[in-house]
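**Q** The sequence shown begins at 1 in the UniProt record's numbering and counts up by one.
One or more hints might be untrue.
Derived Cβ-Cβ restraints for the label pairs, each shown as a range [to be verified]:
#1 GLN189 <-> GLY126: 15 to 25 Å
#2 ALA22 <-> PRO175: 34 to 44 Å
#3 GLU33 <-> ARG75: 11 to 21 Å
Derived by calculation from the structure, the hints in this document are not laboratory data.
In this text, a Cβ means the ideal position worked out from N, Cα and C, and glycines have one as well.
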Amino acid sequence: MTDTNSPYLINLALTGMVPTRAMSASVPLSHQEIIDDIAPALELGVHMLHLHARDVNGVPTSDPEPFGRLIESIRQLPGGREVLVCITTSGRNDPGFASRSRVLDLDGDMKPDMASLTLSSLNFTGQASINAPETIRALAARMLERGIRPELEVFDLGMANFLHVLIKEKLVHAPCYVNMLLGNIAGAQANPMQFAALRQHIPEQAVVAVAGLGHTQLTANTLGLLFADGIRTGLEDNLWLDRERRQPATNLALVRRAIALADTLQRPLASRQWVRARLGCD
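Please model the complete structure; the sequences and the hints are all you need to start from.
**A** Right under this line is the structure:
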């Protein structure tokens, strides 16, 4: 179990696939909007950036080109070469390996440090994310071949169990990084009992961050600061600062809220070098 006197990390999920301008005036959709949110977040000490790209119409895309341009621009920012950049391989819009794996071929200053890997199919409120076992294995193998760390997304006990399978099959190596995502309609909820059941089934050597969807974000982040290695926050997961949905969130406001919470709990913020060393990304 995590030593909660140890430094914690922040993973910032800025955009996602679902938020639109109609849903939030603050969600960054264009290249420049995303970079403009990232720059001040780096100043606050964010350690990881979970990236989704949109096309010129604001529609989610798996085209490697906008991802590559984003990564290239991030590397030019202060702190941009130390932050861990993670790109999505989501199966929401296209479950096939061919389209989802294209971003893994980015190279040079466009190459990501990490890429998301959801460990089973699941339902969201209005959409399914299809992740067939053979696709998960193929993506994991491609990441291993390319030297890209998987950002392992775990929503329930079945996904945690499949992580152990992938480790046994040598498709995932320690130390692995896990996002525990709580509060989804078809997954583990952000309460202590369900969190504890899921947390104890995550491999002991894993670096674990905790995220909460919608109004569960604050509760999940609290659990992450108390019983894990850190948190994931950002507008991908939650567009509001309050349960009543009266205070629209921004990415920067959500990062500041997480830091303030950690300060209250007297948990120190990690350095980026410390996080990279923990994950073997030196």
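**Q** Okay, which hints does this one fail, numbers in order?
**A** none
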